[in-house]
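From just these sequences and the hints, can you work out the full model?
Here's the letter readout for the chains.
Number of protein chains: 2
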Amino acid sequence: MLNGYNAEDKVLVAVDCIIFGFDNEDLKILLIKRDFEPEKGKWSLIGGFLKNQETLDDAASRILHRLTGVHNIYMEQFYAFSEVDRDPKERTVSVSYFALINIENHNKELIENYNAKWFSLSKAPKLIFDHNEMLAKAIRRLQRRASIKPIGFELLPEKFTMRQLQKLYEAILNKDLDKRNFINKINSLDILIKLKEKDMTSSTKGSFLYRFDQKKYDEKLMDNFYLKL
Amino acid sequence: MLNGYNAEDKVLVAVDCIIFGFDNEDLKILLIKRDFEPEKGKWSLIGGFLKNQETLDDAASRILHRLTGVHNIYMEQFYAFSEVDRDPKERTVSVSYFALINIENHNKELIENYNAKWFSLSKAPKLIFDHNEMLAKAIRRLQRRASIKPIGFELLPEKFTMRQLQKLYEAILNKDLDKRNFINKINSLDILIKLKEKDMTSSTKGSFLYRFDQKKYDEKLMDNFYLKL
DNA sequence: CCAAAAGTGTTATAACTACACCCATGT
DNA sequence: ACATGGGTGTAGTTATAACACTTTTGG
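Those sequence lines, one after another, are chains A and B. Residues in the first sequence are numbered from 1 upward in steps of one, following full-length UniProt numbering. Residues in the second sequence are numbered from 1 upward in steps of one, following full-length UniProt numbering.
Treat the hints with caution; some may be incorrect.
Any copy will do: because identical chains look the same in the list, a pair fits if it lies in one copy or spans two.
[Said to hold, decoys possible] Okay, derived cross-link-like pairs now, BS3-like style, lysine-lysine, Cα gap no bigger than 25 angstroms in a straight line:
(1) Lys175 x Lys149
(2) Lys215 x Lys40
(3) Lys220 x Lys175
(4) Lys108 x Lys10
(5) Lys220 x Lys137
What the hints contain is simulated information worked out from the structure, not anything from laboratory work.
Below, the structure written as structure tokens:
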């Protein structure tokens with residue numbers, strides 16, 4: 001390596017992850033009770049520091065894996081927070097990621113060992129530092145993403161019912177949707193496979209299960225869902 | 001200050017700015033010819049390093065002001081780039097901002113002193129490091145922003161004609177728009193003030209000038225322009 | 001036979017797209 | 001008188017929003 005930019009300041013770079021999950025009713029986030037100073041014992045997002053030899057994505061994956069035991073979690077970087085005193089201990093810039101995880105599909109013991117807990121969005125506690133601000137921004141980003149491309153399947157089990165999907169979107173967008181309009185809209189996207197099986201747990205009649213069709217989705221390149229001018 | 005997180009790695013944090021301008025024909029970006037190693041003499045985005053006692057927004061403002069002489073430039077943080085070897089000299093994480101500037105409204109001498117130059121997007125040269133990737137991402141972000149809220153007035157003089165505005169949107173979205181539909185759409189937003197004056201430079205008939213009405217815009221809280229489900 | 005959730009279509013309204021001619025003025 | 005860019009309206013199409021009843025079956 002060439003000799004560096006000596007005169008410049010170096011700072012700590014943290015990665016904080018907003019982990020969203022869904023329990024068929026509410027949108028939830030995973031928080032940990034912090035076990036070191038400062039702010040020991042307070043609720044916090046899951047985070048860690050960027051190492052010299054990894055990218056931010058690497059760091060986020062590492063942090064998510066350490067807590068949940070799961071690899072290949074859907075995640076997306078969304079903002080760098082940099083108030084000078086945001087961490088009272090030392091100047092730290094934090095790059096935030098949001099992640100979507102199937103709430104059934106992670107290592108419960110790991111999470112318990114980390115003093116982690118799922119909270120409904122509406123019941124989230126006060127968090128350390130600027131983490132509430134991060135959370136608010138993450139929710140807005142998730143809402144936009146969900147309106148723009150059919151994200152969110154990551155939050156459901158592999159097979160799911162229309163009603164589950166609708167409830168998920170209602171939870172993300174924080175408003176009620178009309179059942180028929182929702183189904184028509186989803187069907188018009190033509191990215192789900194309707195299975196022959198039914199889920200019998202939610203009603204006597206049972207409701208058909210669907211799978212997300214990644215192949216069809218990729219073919220359609222659903223990237224331009226924006227309001228067109 | 002409490003004593004720090006000693007075991008953690010610190011890195012350099014850079015801020016790189018994609019500065020968009022508009023000359024009534026093309027969307028342009030401002031680039032500088034780099035006058036220090038590595039990659040001396042190559043074209044580059046405008047950047048600098050984050051200092052210990054400033055936020056990322058502060059750093060971006062400082063960098064933009066130093067180059068253009070202008071304060072209060074519209075800017076928006078959009079992504080942190082962190083490939084380990086993106087800067088061969090030293091490990092650097094770069095947080096990118098895009099900025100919109102009225103191309104007439106900056107200090108031309110300053111820009112010349114910095115070896116800076118406006119390039120049409122279609123004629124942008126190869127840039128150092130990962131700056132082409134940053135540029136591509138900035139363009140996509142700008143396009144989305146322009147579809148979502150009436151950004152872009154920042155790129156025009158205070159008084160402008162409908163035709164100028166249309167050309168700007170055509171340049172941003174990189175496609176032709178229908179004159180009548182465009183005007184109807186803009187008028188339906190009801191955020192412009194039609195002035196009595198005409199601009200006589202572009203035609204014999206002259207065309208009416210408009211101003212952006214910040215107050216009306218704020219009242220309307222035009223934040224939910226997204227595809228609704 | 002009834003409670004509980006699933007499933008299914010139509011109509012009214014709003015938004016978007018495509019499209020062509022006249023106007024004003026300087027040269 | 002003509003060349004140049006400015007200005008204007010409508011009709012067809014598509015997307016969205018509002019709305020209520022029937023089906024299934026376990027208890």
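Which of the listed hints are broken here?
-> Of the numbered hints, 2, 4 do not hold.
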